[in-house]
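Trainee: So the sequences go chain by chain: A and B.
At the far end of the first sequence sits residue 137, using full-length UniProt numbering, and the numbering has no gaps.
At the far end of the second sequence sits residue 137, using full-length UniProt numbering, and the numbering has no gaps.
The set of hints was computed from the structure by calculation and includes no laboratory data.
Note that CB positions come from ideal geometry on N, CA and C, so glycine has one too.
Treat the hints loosely; a few may be bogus.
Only pairs whose alpha carbons sit at most 35 Å apart, straight line, appear in this in silico DSBU-like list of lysine-lysine [claimed, not checked]:
id, chain 1, residue 1, chain 2, residue 2
1, B, LYS107, A, LYS9
2, A, LYS18, A, LYS100
3, A, LYS18, B, LYS86
4, B, LYS86, B, LYS18
5, A, LYS18, A, LYS86
6, A, LYS9, B, LYS9
7, B, LYS107, B, LYS18
8, A, LYS9, A, LYS86
9, A, LYS18, A, LYS107
10, A, LYS9, B, LYS18
11, B, LYS86, B, LYS100
12, A, LYS86, A, LYS107
13, B, LYS107, B, LYS9
14, B, LYS107, B, LYS86
15, A, LYS86, B, LYS18
16, B, LYS86, B, LYS9
17, A, LYS86, A, LYS100
18, A, LYS107, B, LYS107
19, B, LYS9, A, LYS18
20, A, LYS86, B, LYS9
21, B, LYS86, A, LYS9
22, B, LYS9, B, LYS100
23, B, LYS100, B, LYS18
24, A, LYS9, A, LYS107
Sample of chain B residues with no beta-carbon within 10 Å of chain A, all distances over it, derived [to be verified]:
id, residue
25, CYS54
26, ALA80
27, ARG85
28, LYS86
29, ALA134
30, ASP137
The primary structure of each chain is shown beneath.
Protein chains: 2
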Amino acid sequence: MTNNEQTIKDSIFGFGDKNEAYAQYFIGQSYLNSLVSDPAINVSVSNVSFEPSCRNNWHIHHDGFQLLLVTGGEGWYQEAGHAARKLHPGDVVVTHDGVKHWHGATKNSWFAHIAITAGTPEWLEPVSDTQYDALED
Amino acid sequence: MTNNEQTIKDSIFGFGDKNEAYAQYFIGQSYLNSLVSDPAINVSVSNVSFEPSCRNNWHIHHDGFQLLLVTGGEGWYQEAGHAARKLHPGDVVVTHDGVKHWHGATKNSWFAHIAITAGTPEWLEPVSDTQYDALED
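Model the full assembly from the supplied sequences, consistent with the hints where possible.
Mentor: Okay, structure coming up:
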C-alpha cells in the first residue's frame, strides 16, 4: 500500500473517529483521537488523521499557538504569504499566535499529526482546489 | 532484540544526545531530542529516551504541568502515594500542577516518551533502588 492508509490507521496514538465536530472547517474526511482534554491544562492534544487531499481551512489560533508533530504519511503545512512545506513523519511545526495557516494531506497519501493547541481558533476560508492542486506531491 | 533498543534509537522523533543538562536528576543514562523550545510558546516539547533501569528523580512541575506521550518501549510512571503505572507505546500521562512524580524505563526495556512541559520543575530525591526494584517488570 503506497498511500500510507494502513500506517495511519494503525498509529500507536489512535485513529479515532470521524472528526464531525470540525467537519465544517475541513475539505475531505478527517479523523480525531483526543489524547488530552483537561480543564486544568491550557493545551489540548489530539492525533488528527487526514485522507488523501483532505485539508483544513485557513485558520488562526488567537492568544495561543499550535504545535504539530507528524506521526505518519505525507502532508502539507502553509502559512499565509509563504510557500507550502511538505511534511514527513517526525517533522515538527510551530505556529505562533495570530498566524494564518492550514495543514492537510497530500493528494496521494494519508497523513497524521499530533496537534498541541492553545488559545481560540478562528476559522477562515477553505484552501481552494486551485491553490491545493497547484502543490506538487 | 527484546529490549526495544533499536526501536527507541530509530524513533521518528529522534534519539538525540546524552541528556547531560539533566543528568544530575536521573539515575542511569537518558537521551534528549528537543523538538520545540521557543520563547513565544509556553510549553517545551522533547523526545526523551531512557536506557533500561534509567529513571528520573521524583519531581514537581510548579505553575505548570507535564504531558507524556509514550513513543516506544516499556516504562513506569508513578505519582507520590499511588501505585506505579506501567506504560506502553501510545499511552498518555497527564501530570497536574504541583504533583510529585517520576518516570522512567523498566528494568529490561528501553523506553521513550514525548514530554510536553510547562512551568518550573523542582527536582527532589532519587527513586531508590529499593523502591524501583520492587516494581514488577
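Trainee: LYS86(A) and LYS100(A): Cα distance at most 35 Å?
Mentor: Roughly 17 Å between the alpha carbons, so the hint for LYS86(A) and LYS100(A) holds.
Trainee: For the pair supplied as a hint, LYS86(B) and LYS100(B), confirm whether the alpha-carbon distance does not exceed 35 Å.
Mentor: Holds, at roughly 17 Å.
Trainee: Does LYS18(B) lie within 35 Å of LYS9(A) when you go C-alpha to C-alpha?
Mentor: holds, 33 Å
Trainee: Does LYS107(B) pair with LYS18(B) here, judged by a C-alpha cut-off of 35 Å?
Mentor: holds, 19 Å
Trainee: When you check the alpha-carbon spacing of LYS18(A) and LYS86(A), does it fall within 35 Å?
Mentor: holds, 24 Å
Trainee: Determine whether the non-interface label on CYS54(B) survives the test: each CB of chain A must be over 10 Å from its CB.
Mentor: Fine: 21 Å to the nearest Cβ keeps CYS54(B) off the interface.
Trainee: Would you mind confirming whether the straight-line C-alpha gap from LYS86(B) to LYS18(B) stays at or under 35 Å?
Mentor: holds, 24 Å
Trainee: When you check the alpha-carbon spacing of LYS18(A) and LYS100(A), does it fall within 35 Å?
Mentor: holds, 25 Å
Trainee: For the pair we were handed, LYS9(A) and LYS86(A), check the Cα-Cα distance against 35 Å.
Mentor: holds, 21 Å
Trainee: Next pair to validate is LYS107(B) with LYS9(B); report whether the Cα-Cα distance is within 35 Å.
Mentor: holds, 17 Å
Trainee: Test the statement that ASP137(B) is away from the interface with chain A: the closest C-beta pair must be farther apart than 10 Å.
Mentor: holds, 21 Å
Trainee: Can we confirm that no CB of chain A comes within 10 Å of the CB of ARG85(B)?
Mentor: ARG85(B) is indeed farther than 10 Å from all Cβ atoms of chain A, at 16 Å.
Comparing the model with each numbered hint stated earlier shows that hint 18 is the single one that does not hold.
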